[in-house]
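Chains as they are written, first to last, in our numbering: chain A, 1 to 114; chain B, 115 to 227.
Read the hints as simulated data drawn from the structure, not as lab findings. Bear in mind that the values here come from a model prediction, so they are computed numbers and not experimental data. The beta carbon of each residue, even a glycine, is placed where N, CA and C say it ideally should be. Among the clues, some could well be false.
Said to hold, decoys possible - So, partial list: chain B residues that the calculated Cβ filter (under 8 Å) puts toward chain A:
id: 1; residue: Leu141
id: 2; residue: His143
id: 3; residue: Lys150
id: 4; residue: Ser153
id: 5; residue: Leu157
id: 6; residue: Phe161
id: 7; residue: Asn165
id: 8; residue: Ala201
id: 9; residue: Phe204
id: 10; residue: Lys215
Said to hold, decoys possible - Reference excerpt, derived from the structure (chain B facing chain A, CB under 10 Å, subset only):
id: 11; residue: Thr145
id: 12; residue: Gln151
id: 13; residue: Lys154
id: 14; residue: Ile159
id: 15; residue: Ile170
id: 16; residue: Thr173
id: 17; residue: Phe178
id: 18; residue: Gly198
id: 19; residue: Val202
id: 20; residue: Ser214
id: 21; residue: Tyr217
id: 22; residue: Phe218
id: 23; residue: Pro220
Stated by the list, open to error - Here are the simulated lysine to any residue pairs, SDA-like style, with alpha carbons at most 20 Å apart:
id: 24; chain 1: A; residue 1: Lys101; chain 2: B; residue 2: Met160
id: 25; chain 1: B; residue 1: Lys123; chain 2: A; residue 2: Lys101
id: 26; chain 1: A; residue 1: Lys16; chain 2: B; residue 2: Lys150
id: 27; chain 1: A; residue 1: Lys101; chain 2: B; residue 2: Lys158
id: 28; chain 1: B; residue 1: Lys150; chain 2: A; residue 2: Glu44
id: 29; chain 1: B; residue 1: Lys154; chain 2: A; residue 2: Ala7
id: 30; chain 1: A; residue 1: Lys3; chain 2: B; residue 2: Lys155
id: 31; chain 1: A; residue 1: Lys101; chain 2: A; residue 2: Ile49
id: 32; chain 1: A; residue 1: Lys101; chain 2: B; residue 2: Thr173
id: 33; chain 1: B; residue 1: Lys158; chain 2: A; residue 2: Glu44
id: 34; chain 1: B; residue 1: Lys155; chain 2: A; residue 2: Glu44
id: 35; chain 1: B; residue 1: Lys215; chain 2: A; residue 2: Trp66
id: 36; chain 1: B; residue 1: Lys155; chain 2: A; residue 2: Gln57
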Amino acid sequence: AQKVTQAQTEISVVEKEDVTLDCVYETRDTTYYLFWYKQPPSGELVFLIRRNSFDEQNEISGRYSWNFQKSTSSFNFTITASQVVDSAVYFCALSFYNTDKLIFGTGTRLQVFP
Amino acid sequence: DTAVSQTPKYLVTQMGNDKSIKCEQNLGHDTMYWYKQDSKKFLKIMFSYNNKELIINETVPNRFSPKSPDKAHLNLHINSLELGDSAVYFCASSLGQGASKQYFGPGTRLTVT
Chain A
1 AQKVTQAQTE ISVVEKEDVT LDCVYETRDT TYYLFWYKQP PSGELVFLIR
51 RNSFDEQNEI SGRYSWNFQK STSSFNFTIT ASQVVDSAVY FCALSFYNTD
101 KLIFGTGTRL QVFP
Chain B
115 DTAVSQTPKY LVTQMGNDKS IKCEQNLGHD TMYWYKQDSK KFLKIMFSYN
165 NKELIINETV PNRFSPKSPD KAHLNLHINS LELGDSAVYF CASSLGQGAS
215 KQYFGPGTRL TVT
């Protein structure tokens, strides 16, 4: 089965707190790609990151960082010093080299309060 | 300047009607997609086209018919609309196939009454 699970339906934090969004995936393929997308209240989907299965290096982009662990089939996303503008629904997704299909998780709604 | 655009942004119609949603991308991409996001925010692919050729058709009722007149456009026509078709429909595009980064349009909120 190919599946993405985002067990956290909703997370609320206060500004400046760090927050981690969990993503667990299932696949038997050895080559795959993982994505994170952000959907702010305005509704559009914004690409954040793509990572292939052979690259387990963690990535940092400003306040955002991603932790990819094949051993636990997880690709978690951490926002450091969260801001109100980070409030959105965040989706983790899985894809494969021989398909265009993005398999999305159910999303995690993050609310950052001032 | 808009990369992937969709029209209309909102569509309210009655059951049984036929409607179309248009999508255009100016990124020079060769692959385009339609996704459906339901009321619980679940996103699922419906179709993908590469160079005007249908690649993915995900068990979507045949009331839904995509049409790609050229690489930059992918329209979605829906016949005999049903209440369950109410959702947000997203168009996306990418360069190449195989897990490419997909750029999404702003979405079209379809409400069937």
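Hint check:
Look at Leu141(B): its Cβ only gets to about 12 Å from chain A, farther than 8 Å, so that hint breaks. With its C-beta approaching chain A no nearer than about 11 Å, His143(B) sits outside the 8 Å limit, and its interface hint is violated. About 11 Å separates the beta-carbon of Lys150(B) from the nearest beta-carbon of chain A, more than 8 Å, and the hint is not met. At a threshold of 8 Å, the smallest CB-CB gap from Ser153(B) to chain A is about 12 Å, leaving the interface hint violated.
At a threshold of 8 Å, the smallest CB-CB gap from Leu157(B) to chain A is about 4 Å, leaving the interface hint in force. Below 8 Å, beta-carbon pairs count as interface contacts, and Phe161(B) has none with chain A, the closest being about 10 Å; its hint is therefore violated. Violation of the interface hint for Asn165(B) is found here, the shortest Cβ-Cβ separation to chain A being roughly 12 Å, above the 8 Å cut-off. Nearest Cβ of chain A to the Cβ of Ala201(B): about 12 Å, over the 8 Å cut. The hint is violated.
Hint status for Phe204(B): holds, given a least beta-carbon distance of 6 Å to chain A, under 8 Å. Restraint check, Lys215(B) versus chain A: the minimum CB separation of about 6 Å is within 8 Å; hint holds. Given the 10 Å rule on beta carbons, the hint for Thr145(B) holds: about 6 Å separates it from the nearest Cβ of chain A. Against a cut-off of 10 Å between C-beta atoms, the interface hint on Gln151(B) holds, since the closest Cβ of chain A lies about 9 Å away.
Given the 10 Å rule on beta carbons, the hint for Lys154(B) holds: about 7 Å separates it from the nearest Cβ of chain A. Using the Cβ-Cβ criterion of 10 Å, the hint placing Ile159(B) at the interface with chain A is satisfied: the shortest such distance is roughly 5 Å. For Ile170(B), the interface hint holds, since its Cβ comes within 10 Å of a Cβ in chain A; the closest pair sits about 6 Å apart. Here the hint on Thr173(B) is broken, as its CB sits about 12 Å from the closest CB of chain A, past 10 Å.
Hint status for Phe178(B): violated, given a least beta-carbon distance of 17 Å to chain A, over 10 Å. Nearest Cβ of chain A to the Cβ of Gly198(B): about 19 Å, over the 10 Å cut. The hint is violated. Look at Val202(B): its Cβ gets to within about 7 Å of chain A, closer than 10 Å, so that hint holds up. Checking Ser214(B) against chain A: minimum C-beta separation of about 7 Å stays under 10 Å; hint holds.
The beta carbon of Tyr217(B) comes within 7 Å of a beta carbon in chain A, closer than 10 Å, and the hint placing it at the interface holds. Evaluation of the Phe218(B) hint against chain A yields a held restraint, the C-beta minimum of about 4 Å falling below 10 Å. The closest approach between the C-beta of Pro220(B) and any C-beta of chain A is roughly 5 Å, which is under the 10 Å cut-off, so the hint is satisfied. Taking the CA atoms of Lys101(A) and Met160(B), the gap is about 9 Å. The hint holds against a cut of 20 Å.
Taken as a hint, the Lys123(B) and Lys101(A) pair is broken in the structure, with Cα atoms around 24 Å apart against an allowance of 20 Å. A hinted pair counts as satisfied when its Cα atoms are at most 20 Å apart, and Lys16(A) with Lys150(B) does not qualify at roughly 34 Å. Distance restraint check for Lys101(A) and Lys158(B): the Cα-Cα separation of roughly 9 Å lies within the 20 Å cut-off, and the hinted pair is therefore satisfied. Proximity of Lys150(B) to Glu44(A) is assessed by CA-CA distance (about 13 Å); at most 20 Å being required, the pair is judged to hold.
Straight-line distance between C-alpha atoms of Lys154(B) and Ala7(A) comes to about 14 Å, which keeps the hinted pair within the 20 Å bound. A hinted pair counts as satisfied when its Cα atoms are at most 20 Å apart, and Lys3(A) with Lys155(B) qualifies at roughly 16 Å. Among the hinted pairs, Lys101(A) with Ile49(A) is consistent with the structure: their alpha-carbon atoms are about 16 Å apart, no more than 20 Å. Our distance criterion of 20 Å between C-alpha atoms is met by Lys101(A) and Thr173(B), whose separation comes to about 13 Å.
Proposed proximity of Lys158(B) and Glu44(A) is supported: the alpha carbons are some 15 Å apart, at most 20 Å. The hinted pair formed by Lys155(B) and Glu44(A) meets the criterion: a straight-line CA distance of about 12 Å does not exceed 20 Å. Taking the CA atoms of Lys215(B) and Trp66(A), the gap is about 17 Å. The hint holds against a cut of 20 Å. Of the supplied pair hints, the one linking Lys155(B) and Gln57(A) is violated, its CA atoms being roughly 30 Å apart against a limit of 20 Å.
The structure fails to meet hints 1, 2, 3, 4, 6, 7, 8, 16, 17, 18, 25, 26, 36 from the earlier list, while all remaining hints are met.
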